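**Q** As a plain string of letters, each chain reads:
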Amino acid sequence: MDVTVNKPACVGAGQCALVAGELFDQDDDGIVIMLKPTIGPSDEATVRRAATLCPARAIRIAE
Amino acid sequence: MPSGARSEVLIVGASVAGLSTAGTLRDEGFPGGITMIGDEDALPYGRPPLSKQILSGEWPIDESALCTPAELDRLGIRLVRGTAAVSLDPSERVVTTASGDDMRYGTLVVATGASARRPPYGDGLGGVHCLRTRADATALRADLATARHAVVAGAGVLGSEIAAGLRKLGLAVTLVGRSPELRLAQAGALLSPLIARLHREHGVDLRLGEEVVALRGADRVSAARLSGGDVIETDLVVAAIGCVPNTGWLSSSGLDVSNGVVCDSAGRAAPGVFAAGDVAAWTDPATGIPARVGHQLNAAEQAQIVARTIATGAVPTAQPVPFFWSELFGTKIQVFGRCDGVSLDTIAGDTSSGRFVAAVQRDGVVTGIVGWNMPRDFRIARERVGRPAEGLDRSRQRVH
Ligand SMILES: Cc1cc2nc3c(=O)[nH]c(=O)nc-3n(C[C@H](O)[C@H](O)[C@H](O)COP(=O)(O)OP(=O)(O)OC[C@H]3O[C@@H](n4cnc5c(N)ncnc54)[C@H](O)[C@@H]3O)c2cc1C
Ligand code: SF4
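From first to last, the protein sequence lines stand for chains X and U.
So the first sequence is residues 1 to 63, counted in the working numbering.
So the second sequence is residues 1001 to 1400, counted in the working numbering.
Simulated from the structure, these hints should not be mistaken for lab results.
The model shown is predicted, which means the values in this text are computed figures rather than measured ones.
What you were told as hints is all true, and nothing was included just to trick you.
The calculated PhoX-like cross-link candidates involving lysine-lysine, where the alpha carbons are at most 20 Å apart (straight line), are:
id : chain 1 : residue 1 : chain 2 : residue 2
1  : U       : Lys1052   : U       : Lys1332
2  : U       : Lys1168   : U       : Lys1332
3  : U       : Lys1052   : X       : Lys7
4  : U       : Lys1052   : U       : Lys1168
5  : X       : Lys36     : X       : Lys7
6  : X       : Lys7      : U       : Lys1332
Isolated chain X (complex conformation) (with noise of 0.2 Å):
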């Protein structure tokens, strides 16, 4: 799974962080940063909570 953070369009609002702390933190600023450099198949149902979740749809899935 493919996995992006668009840290302009973050509002770190810290949805992410807070469903999937063991991915997602954020930054002094509150911006996202992703821990993992890449998501195996056992985090991808965490990842598409938290890309569902994001308000501003800064965590982008491809497929």
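Take the given structure of chain X and dock chain U with the ligands to it, following the hints.
**A** What follows is chain U with the ligands alone, placed relative to chain X:
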């Protein structure tokens, strides 16, 4: 009605609420057609940067886009831009557009948001602006080149952000607010002293408890008269005096649009009709009172609830918790939950350092969290909402 139309979802309004509805429908596996119509010419975009990075010139205007045409294609979402809906017949399930087309639907989602409230002064005068749309932002940016002094009318969060943005650009700024306090979303006046301090530290001339009553100028504004009698020379006026829900097109629909589109607590306005975002007034199950909320995350969360209800038929139980953030002079302010309490108890950082997280409590329960330049600690503290307030560190100072 053409067969199959009942599986079609029509979304009116192509912004955060509309796009989140469409995206979540697909995430939930909705197989039917999705059409979204919006009266703006631009692709769906986010408004928050308009008063922040775009006003200050840090971002080009296109950075506010929320999606690309390719993404819409991939998700199978048909977007009709530059087209306004002008009426709705909910019994026939038909929306009529300005170009006279009748669009039939199975389920309708009203996501037409709100428009800036126009001020009663300055009609036809140059240099007078509102800020709600990309077009507004472009016009305001174009007018900045020659401006030296700005009067910002309205001391809510948008007025504060615009004042901060214009200061950053080097303009002299007078911020005029009718109420004696600076208000910030659901935190109300709780943060007023801190926000007032930020403005003053950055050289904003704060005029609280006053109003702009009239403007002077030949072609372009040259001065603003305040209710207190002062006349302020200015070449730019930005009115941020609230917004009104876009329900005009629903006036003959029979829907209750007395204060936005009145809905039950799951966004249902009528059989086959939902509403989400700034246009919607969902009923609070606790109080039974419908209320509009003007924040982006609320728009996205309501849209997700509506989309799930449409896609799965399951009626949601969770209510969105209000969340709001803003940025003033580089200070990131975040508010989660309800903050109608009277005091703030700091739980991380401290107010004098300009970085803190604080809890608001009511009847011994944490109802809201305020973050001030500490986004990560704020996020962790959010989990305290709804829990007993006992855990709060009583030895920490109170904000006021
Ligand atoms: C300058 C600015 C800064 C903001 N900053 C923040 C912030 O920092 N944090 C925050 O949480 N919120 C912020 N907000 C509020 C946030 O932008 C709104 O809550 C959000 O845009 C609501 O989304 P929506 O989709 O419900 O409505 P809107 O964004 O208002 O979109 C509705 C869309 O429907 C269209 N439309 C209206 N009538 C019709 C019709 N009859 N037919 C077709 N289309 C129609 C409109 O043109 C518009 O494109 C800000 C708002 C502004 C204006
Ligand atoms: S949920 Fe989206 S907007 Fe919020 S921090 Fe994560 S990426 Fe940014």
